[in-house]
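Q: Quick note, the sequences are listed as chains A and B, same order.
Heads up, the first sequence is in my numbering, so the first residue is 773 and it goes up one at a time.
Heads up, the second sequence is in my numbering, so the first residue is 521 and it goes up one at a time.
Please note: incorrect hints may appear among the correct ones.
Incomplete in silico selection of chain B near chain A, CB under 10 angstroms [what the hints assert, rightly or not]:
{"#": "1", "residue": "711"}
{"#": "2", "residue": "713"}
{"#": "3", "residue": "715"}
{"#": "4", "residue": "717"}
{"#": "5", "residue": "731"}
{"#": "6", "residue": "771"}
Calculated from the structure, these hints are not laboratory results.
Since we're looking at a predicted model, the values are computed, not measured.
Every residue, glycine too, gets a C-beta built ideally from N, C-alpha and C.
Each chain, letter by letter, is given below.
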Amino acid sequence: MELKQLNLVIKPTLLCNAKCIYCHSLKPSTILSKERLENLIVKYGDFTKKHGFTKGYIYWHGGEPMLPGEPFYSYFLELKDKYLRHLDIENGMQSNMCLYKNERTREIVMRVLPDRHINGCIDPFHSTRILNNGGSYLNDALQSLKLLRKDGFHIGMVYVIHKKSLDVIEGTYYYFRNIGAGDVLYHPLEDFDNDEYRLTPEDLGEYFKGLWDVWEADGYSLPITPFEDWYIHLTQGRPTTMCEYSVRPDKVRSVTVSPEGDLYPCPRFQDRDSHRIGNIEEMTFDEVVAHPSSRIIAALKENQPAECLACEFQGFCNSGCVITHDESGRTQWCKGLKSFFEYLKSRSIRPIGRPLKTSPCEC
Amino acid sequence: MPTYNIPASLISSYSDEMVIIRSEDPSELLRAVEKVDRKRLECVQLIGAHPEPAPLSHLDPTIPIEILMKDWEREAEHLPLYSNAAFRNPVSVLIDASPGFMRAVNTAVSLRIETELIVHQPDEALVRELESALDLYLYNAEVEVPIEFFHSLLLAFCRNQLDDSLWTIQHEDPARDRYVRDDGAIVISPRLPVEISGSSVDFLEDYRFDLMAQQGECSICRYFTQCIGYFKFPDEAYSCKGMQRVFSKLKGAANEIKAFQVENSQEAHGHCCADEECGCS
Chain A
773 MELKQLNLVI
783 KPTLLCNAKC
793 IYCHSLKPST
803 ILSKERLENL
813 IVKYGDFTKK
823 HGFTKGYIYW
833 HGGEPMLPGE
843 PFYSYFLELK
853 DKYLRHLDIE
863 NGMQSNMCLY
873 KNERTREIVM
883 RVLPDRHING
893 CIDPFHSTRI
903 LNNGGSYLND
913 ALQSLKLLRK
923 DGFHIGMVYV
933 IHKKSLDVIE
943 GTYYYFRNIG
953 AGDVLYHPLE
963 DFDNDEYRLT
973 PEDLGEYFKG
983 LWDVWEADGY
993 SLPITPFEDW
1003 YIHLTQGRPT
1013 TMCEYSVRPD
1023 KVRSVTVSPE
1033 GDLYPCPRFQ
1043 DRDSHRIGNI
1053 EEMTFDEVVA
1063 HPSSRIIAAL
1073 KENQPAECLA
1083 CEFQGFCNSG
1093 CVITHDESGR
1103 TQWCKGLKSF
1113 FEYLKSRSIR
1123 PIGRPLKTSP
1133 CEC
Chain B
521 MPTYNIPASL
531 ISSYSDEMVI
541 IRSEDPSELL
551 RAVEKVDRKR
561 LECVQLIGAH
571 PEPAPLSHLD
581 PTIPIEILMK
591 DWEREAEHLP
601 LYSNAAFRNP
611 VSVLIDASPG
621 FMRAVNTAVS
631 LRIETELIVH
641 QPDEALVREL
651 ESALDLYLYN
661 AEVEVPIEFF
671 HSLLLAFCRN
681 QLDDSLWTIQ
691 HEDPARDRYV
701 RDDGAIVISP
711 RLPVEISGSS
721 VDFLEDYRFD
731 LMAQQGECSI
741 CRYFTQCIGY
751 FKFPDEAYSC
761 KGMQRVFSKL
771 KGAANEIKAF
781 QVENSQEAHG
791 HCCADEECGC
801 S
């Protein structure tokens, strides 16, 4: 077997304390039951042990992964201790952070995330993120962010670019820098049919150009995904590494688990209930990795359309995120990305002057 | 461990702490220093450039001397008494950046005495004077000593050290700097007469997030990581446009230095990239 590592993305619930206007994840849901969690961890442990894996990765996603609370995660830690001791496990969590308030939550989250790495999400200037209880999302998130910093967390930010973002490119960049974000992932808004917020490929191209200018003027000091990846590709010719824009070797694969135990190749497929692999109650992980859907991303990346293969910027985007492919197999953002890459060609790229966030230099 | 800036008369109350001892009288400073373990003494601070500094020549030469100039117009003439020629100790002067302060700066740097500027909320005319001081520091080849806060900020920009804030550089970080007033009350500094409490360790972090939540000028400022709202105190409505020019000039100079270093490094070592952690050569 060529596979060397199997990563788990666990969605313990799709419920959320917020209702962001463009969310794809929020659905009627339950909390992943203890029985199902145990089944998952036992099977993950059996599979990784059987194949001699020494490293693992567990990423908590949602919904809001802090919602299940202390009892759920205490049980997870028991299971981890019992069944996954052979693995050196990296941890992460995608959360709106707002529930990181009381001592009990702080303590359990710190135990679940010993690497102290969390990804939050804030829209500082537009009310796209709304709390169910009517409170201020931004204020709650900032208060929690302060506590997370105090507790030693590296905080990555995810920012969803929408139409209105074009008015605040520099402001948003510096807002994230000024709250002490360790890095920022900029992600275009997809499949949201609202004239005020809908982003076109051309908008994305313009946004990226403006953001690159701000980043460059700031001496590239805040690590930005996917810019760092493209920076490395541009200046050193190394392959891109970010899932969306790379062809990943088949040595590492991910499986996303829904609260009902359904399995998907990535959280975004789960959002859309596409390419479902099966259910953890009915499958072993040997069966999961043998399922064609489990390697659908790699398969699509290996069979990029002729138009992409002939494109001078193919190495930058590799046909983009497969969930954004149109009927021709190109990303829906193609036009905007091309215009941005053309712009990059015209830039004089300066040395970055700090260690890069992405994979280490291989020279 | 915090450092307490204390009047010499209160030395016995701070026997276990890191201290800066201050007095207007050089003889009193000398007597107070004799009561302190050298390891706990950061420096002595002479209030005003006293015309008779001779007692300080008996200090251990490793003890830095800071001269806080009260009235630099009157005291500037005494500065030569504190030059390297007169003292073996490291000497620096603290100059309040009020109108006309450049004369004191010029005197100090010509005597090769390190200078630290005490800055409040400068108006446009004073910002222009600060820019002149910055030009002097950056571009006058005869200036051989640091002028603070410019020097430390320039280094922070050059090294991408985002945690070196103006609060630390100006010795006003509530987590580590304490100013004990003559009446014994403990505040952050004379500029920031905020009484220290148990939660003062979090003062800056709380302040940072208050400013971010307000979404005012600071929240999207290019220099907030170095400044953390330093100039928004005491008047929160103060506009930082002028000070942003000062920061911009410093950052531009840092970028020039970095580019020069990288060019030289590439020429000298053929280094493939600017990744400082990269082991390649």
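Q: If a hint holds in the structure, say so; if it does not, say that too.
A: Evaluation of the provided hints:
no.: 1; hint: 711; result: violated, 23 angstroms
no.: 2; hint: 713; result: violated, 25 angstroms
no.: 3; hint: 715; result: violated, 22 angstroms
no.: 4; hint: 717; result: violated, 17 angstroms
no.: 5; hint: 731; result: holds, 8 angstroms
no.: 6; hint: 771; result: holds, 8 angstroms
Checked against the numbered hints above, the structure violates hints 1, 2, 3 and 4; every other hint is satisfied.
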